[in-house]
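J.: Residue numbers (this note's numbering), protein chains in the order written: chain P, 5 to 209; chain U, 5 to 209; chain V, 5 to 209.
Simulated from the structure, these hints should not be mistaken for lab results.
Among the hints, erroneous ones may be present.
With beta-carbon atoms standing in for the labels, derived distance ranges [unchecked claim]:
(1) P:T94 to U:L192: 54 to 62 Å
(2) U:K203 to V:L91: 17 to 25 Å
(3) P:T94 to V:L68: 33 to 41 Å
We put the beta carbon where it would ideally sit given N, CA and C, even for glycine.
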Amino acid sequence: MQIQYILEVVGTCFFAISGALAANDKAKPDWFGASFIGFITSIGGGSLRDILLGSYPLVWVHDLNFVYAIFIGVVLASIFFKVLIRLRKTFFLFDTVGIAMFTIVGTEKALSLGVNPVIAAIMGMFSAIMGGVIRDVLTNEIPIIFKKEVYATACLCGAIAYLSLGYFGLERNCNFIISALIIIGIRLVAVKMNLSLPKFIKEDK
Amino acid sequence: MQIQYILEVVGTCFFAISGALAANDKAKPDWFGASFIGFITSIGGGSLRDILLGSYPLVWVHDLNFVYAIFIGVVLASIFFKVLIRLRKTFFLFDTVGIAMFTIVGTEKALSLGVNPVIAAIMGMFSAIMGGVIRDVLTNEIPIIFKKEVYATACLCGAIAYLSLGYFGLERNCNFIISALIIIGIRLVAVKMNLSLPKFIKEDK
Amino acid sequence: MQIQYILEVVGTCFFAISGALAANDKAKPDWFGASFIGFITSIGGGSLRDILLGSYPLVWVHDLNFVYAIFIGVVLASIFFKVLIRLRKTFFLFDTVGIAMFTIVGTEKALSLGVNPVIAAIMGMFSAIMGGVIRDVLTNEIPIIFKKEVYATACLCGAIAYLSLGYFGLERNCNFIISALIIIGIRLVAVKMNLSLPKFIKEDK
Chain P
5 MQIQYILEVV GTCFFAISGA LAANDKAKPD WFGASFIGFI TSIGGGSLRD ILLGSYPLVW
65 VHDLNFVYAI FIGVVLASIF FKVLIRLRKT FFLFDTVGIA MFTIVGTEKA LSLGVNPVIA
125 AIMGMFSAIM GGVIRDVLTN EIPIIFKKEV YATACLCGAI AYLSLGYFGL ERNCNFIISA
185 LIIIGIRLVA VKMNLSLPKF IKEDK
Chain U
5 MQIQYILEVV GTCFFAISGA LAANDKAKPD WFGASFIGFI TSIGGGSLRD ILLGSYPLVW
65 VHDLNFVYAI FIGVVLASIF FKVLIRLRKT FFLFDTVGIA MFTIVGTEKA LSLGVNPVIA
125 AIMGMFSAIM GGVIRDVLTN EIPIIFKKEV YATACLCGAI AYLSLGYFGL ERNCNFIISA
185 LIIIGIRLVA VKMNLSLPKF IKEDK
Chain V
5 MQIQYILEVV GTCFFAISGA LAANDKAKPD WFGASFIGFI TSIGGGSLRD ILLGSYPLVW
65 VHDLNFVYAI FIGVVLASIF FKVLIRLRKT FFLFDTVGIA MFTIVGTEKA LSLGVNPVIA
125 AIMGMFSAIM GGVIRDVLTN EIPIIFKKEV YATACLCGAI AYLSLGYFGL ERNCNFIISA
185 LIIIGIRLVA VKMNLSLPKF IKEDK
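Let the sequences and hints guide you as you build the complete structure.
T.: Here you go:
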């Protein structure tokens, strides 16, 4: 599990970078504000999952490596801002890998706490998306997940895939990789082909 | 308690419908977004109450019927959108019955956890209104409860009525119905007669 | 600890006043809305801290004096609105004393629950600022802490000072006062001299 732990810490760092950059697009925050938003974006989803499940202590409260990873992410975002902005496409890939991993890890954690698979899938998705939702609320944006990109939906599909494949006995590490690839695949295809979910209500005319 | 359980599940379904419709007014979400907001509107108030009280597991985490009710509500909202919009007045009645029920159930739950009646009344009101508050925050609106309609106030009055009548020994089912009717009555009269609470601060001319 | 308890209750009352006044600037709420925002501003930071730490029961759920203090604060804000607005400068001082106290008390509480000092400092800052952040989100403002004033930063510095001085063996009451004065000092100087943190990203040109 060593590798996965490292991936999680690195994923947290990427989330902090992405949070700080996104915050800057909108609210033009000072140093503290950007760090704060990077922090919330990183830990928001997992914290909400754990609070809803009543699972204490929260990961980052218990393990400082996540806090350090966030701090490093924010510093990197500030120093390499221009490079990172130019690297948006590369960065988009990192972000996608990040949410894929967070989804599966979150689903697993919920399952390990004994909840029903339906709830576990919801919790897995929450782990990946709620940090971004909170970030958007704080910067006074309508959360993007309500409008564009097959974002949360990809996470939900991946979580369901993970649970189904696990149910049919697929070995865990193998399952982890396949389910993550499903999330990554759906999102990349959706963005590449400019797909989106149908509007909830079709406008007349 | 069988009947009450059914009412709660049905109430959750109505909250999901109302959440999905309200979301659509504002953010024009896709299918996922509308479902997400329907979900949050339904479970937000009760979840916040339970988190504040430290009462685990949360109802919907523990009992999937609530999750299914929400899903059905969202599907109904999408299919019967036009009918539901035309039925707004009927719907308003359902919504009012819903918040009345959620208030009393929430008050009871808080009481059963041993808190002071003052806190129980606050928690009852939170159960009914906080889902809507979170919905408004997510869709970037100023929560309506801050501005119009005697909405939360009706819930608070009902919760206080329930606690007072219980204190004077009124039988529980009877109390439940009377207190719910008080909430429904206050809200209907307020909306009918266009009453609202006085502004906090009167503007000088 | 009697004096500190009284200070905390009084501080909560001041937070409620400040919340109700700030709400009025923006959302022009009715009586209920202003009380609600005053309530959230007062208890939001400490509640979030306790929820993140899994420390139950929450202070105000357990001890009604805080709820009464909030109620008194809202009534005072309504009655003495004009006087209070004119007293903004005096009031600013109260607010500053309030966040200083909340920071140290929050840091202490987190420490007493056995978390790492880094987390304790974050939790101390959260105790002081998150009520205001939630208030700004509810009234549809971008939280001011992201943009102006050395506000949260002062709290963080104070929390770090408290932890450092405690580490070096300074007596607790003495430490409390010095650390609070550090927060008050930083904020007063920053506002007086119109200091702010550097923007996260410097605009070109």
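J.: Now look at each hint and say whether the structure bears it out.
T.: Verification of the supplied hints:
1. P:T94 to U:L192: 54 to 62 Å: Hint holds: Cβ distance 58 Å, inside 54 to 62 Å.
2. U:K203 to V:L91: 17 to 25 Å: holds, 21 Å
3. P:T94 to V:L68: 33 to 41 Å: The hint (33 to 41 Å, Cβ to Cβ) is violated, given that T94 (chain P) and L68 (chain V) are roughly 55 Å apart.
Hint 3 from the list above is the single one not met by this structure.
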